[in-house]
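> Sequence:
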Amino acid sequence: MAELGRFALLLGLFLSGYAVLVDLLGAWRKDLGLVKSGRNATVAALICLTVAIAVLWGLLVRCDFSISYVAEHTSRALPLAYRLSALWAGAAGSLLLWLWLQVGFAAMVFNKIDEKEKVFTANARASVNFVSVFFFIILILDKSPFALSVPVPADGAGMNPLLQHPAMVLHPPTLFIGYAALIIPFAWVFAALKDNEKQGLSPLFIQARNWTLIAWLFLTIGIVLGAWWAYEELGWGGYWAWDPVENSSLMPWLTATALLHCFRTYKPRTAIARWLTVLSLVTFSLCIFGTFLTRYGLVSSVHAFPEPGLGILFLVLLVHIWVMAAVLLWRKYRSEPIDSQVTGLPGRKFIRLNNWLMVLLTFVILTGTLFPFLSGLFTEQKISLKPDYFTKITAPLGLALLLLLGMCPYLLRNGISKNWRMFGVVIVSITTVIAWLLTKGLAVPFFIICGFAAINLTADIFNNGSGMGKDTQTVRPRKTLRWYGARIVHISVVLIFIGITGSSAYEIEKQAALSPGESVAIGKFNVKFGGLKTDRGPNYTAMIADITVSKDQEPVARLNPSLAFYSDSGKQASEVDIKRSLGSDIYIALTAVDRNSELVNLRMLIKPLINWIWIGSAGLVLGTGLVLISFYRRSRTV
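Each residue of the sequence shown is one higher than the last, beginning at 0 in numbering that gives the first Met the number 0.
No lab work stands behind these hints: they were computed from the structure.
Warning: the hint list may mix true and false statements.
The following label-pair restraints were derived from C-beta to C-beta distances [unchecked claim]: (1) K115 to S580: 55 to 63 Å; (2) H319 to A53: 43 to 51 Å; (3) K532 to S374: 44 to 52 Å; (4) L31 to P395: 51 to 59 Å; (5) D154 to L402: 55 to 63 Å; (6) L621 to Q510: 48 to 56 Å; (7) T479 to K348: 39 to 47 Å; (8) Y505 to F362: 24 to 32 Å; (9) K331 to P537: 57 to 65 Å; (10) A53 to F13: 18 to 26 Å.
Straight-line alpha carbon distances no greater than 27 Å define the calculated DSS-like cross-link-like pairs of lysine-lysine that follow [stated by the list, open to error]: (11) K532 to K578; (12) K266 to K391; (13) K478 to K348; (14) K391 to K193; (15) K478 to K532; (16) K391 to K381.
From a predicted model like this one, the values you see are computed outputs, not experimental measurements.
Every residue, glycine too, gets a C-beta built ideally from N, C-alpha and C.
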């Protein structure tokens, strides 16, 4: 069975390489037959990858420990759901999934071929297959998912207990969908740079915009699922540690956000057009670079799996991409003038300012992430930056973006009435006074600007979304799902900022060792430990604590944090329990247990406003979904 998987990868490599050659030759000769051959080869490569994934899944489900990947990531006691998710538990399986998605998206988008678009389509598809060839080479020569295990173990090592969580079943594939979808705007830009006749741009431009939004949606879901997993599973009470792997997913999300705003105001021969070109290349490159960063071991990470050969091949791919991009950028823009009349419009100035802030934020995060490596070049010891550095350095930029978000209704249009603006000023002033009285430090300006942004964005919806003009007599065009979706996304960002600020500035933490019957106070609450009980699962034994939380001598919650011991891997994992509310979470983690005396160590936290992060994240998904529905409806009517 493994031989079939290896053969499928070899055949897929040949087909992708063939597709690159015939597409480039077809574009040069403007030969429709060659372009169709490239399309067919891409579809055939997708079929090969589908076979390879099906084979690997079959090996994982059967627990065929003669295959090294299966032995490293599964065991006989592992539940079926986690055997299936083991496909993306390691580097080889993750890369195979990414490649399958990438080729699949290219086969979907660049499938339709006609006389008008054949050159553009061929160049775009060739760029996708060029990247795919590198992925195939890595999977075949460096990190094969079908490598043999010698000797064959009687049982597998099992999956890391921390990965045995529903969020981690979904977190990696959603990120990989986002990474793979970003190949579409990347390919569109490469084709646009190479195409001198500028034919077939409009339909493929729409495809590139839509797929950028799809990528942004899945990156958002993946990042939020990862944060939720960290909060629920790791037991330290946080959701973001500025770890290099976390940062490697955040950076392309930031540049993709800027890219989406460029698509909104794109016009040829403008500064925005050049922003769009560069951001498309940078965003996909950051996906590759993040993989290189974590696989090559340049910086240490709790998520990283250093594999030097794998990292070097990704670096070679990045160098190839940017050498070709630099040549094409120089050739296209060296003599092309910028239309200053279009570029100078207020909306485009706002977009450019937003882009600069997003790029600066990305650069700051990238520099901080690479600092241990960079410091090691000049000193004998690598210097790692603490999470506080990232928080302090990114907070001012976050404030600027939040302020810009609140001002966007004014900057993009002058459509908010004087009365609404006055109401907003009054509310923001009151918010300022209250915030200053209640707290100090960074929380103050964040809450002030959150209030400012929330009022302005809400006023924009009620004023412009109502269909009435400033004088309440002028009827405006009915707003679309796209318009409402974008406003929901912007308001959701404000809610997320509120959650981040509240949970960071007002957090209360306490650790205590308790015996049965003992209690400890934290904030306004009293936490009492009642005792332990045991629970057995398919591959673990858990010690469960009975915790009663009370306020003013009245019980408000009964929580059961646990500590699970996994027999297959010999590891343990803490399972937290949380009392949730819109105001705050009561978070308790069981970190250690003495089975003889039943003495337990508890980590307890009060996390104010943290659930607004998850509410805002749901709003991001909802708003983006509405925009995608709007795009789909429009494409059906064209």
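> Each hint needs a verdict: does it hold in this structure or not?
Hints, one by one, checked against the model:
The supplied range of 55 to 63 Å is met by K115 and S580, whose beta-carbon atoms lie about 58 Å from each other. Checking the proposed 43 to 51 Å range against H319 and A53 shows it is violated: the Cβ atoms sit about 31 Å from each other. For the pair K532 and S374, the supplied restraint of 44 to 52 Å holds, since their beta-carbon distance comes to about 49 Å. The beta-carbon spacing between L31 and P395, approximately 54 Å, falls within the hinted interval of 51 to 59 Å.
Between D154 and L402 the CB atoms are about 57 Å apart, so this pair conforms to the stated range of 55 to 63 Å. Range check, L621 to Q510: Cβ separation about 38 Å, and the 48 to 56 Å hint is violated. Distance hint check for T479 and K348: the Cβ-Cβ separation is about 24 Å, which falls outside the suggested range of 39 to 47 Å. In this structure the supplied range 24 to 32 Å holds for Y505 paired with F362, their Cβ-Cβ distance being about 31 Å.
For K331 and P537, the Cβ-Cβ distance of about 58 Å falls inside the hinted range of 57 to 65 Å, so the restraint holds. For A53 paired with F13, a C-beta distance near 20 Å keeps the hint of 18 to 26 Å intact. Between K532 and K578 the alpha-carbon distance is near 20 Å, which keeps this suggested pair within the 27 Å criterion. For the suggested pair K266 and K391, the alpha carbons sit about 37 Å apart, so the restraint of at most 27 Å is broken.
Between K478 and K348 the alpha-carbon distance is near 24 Å, which keeps this suggested pair within the 27 Å criterion. Among the hinted pairs, K391 with K193 is inconsistent with the structure: their alpha-carbon atoms are about 42 Å apart, more than 27 Å. The suggested pairing of K478 with K532 is violated, with an alpha-carbon distance near 57 Å, which exceeds 27 Å. A hinted pair counts as satisfied when its Cα atoms are at most 27 Å apart, and K391 with K381 qualifies at roughly 21 Å.
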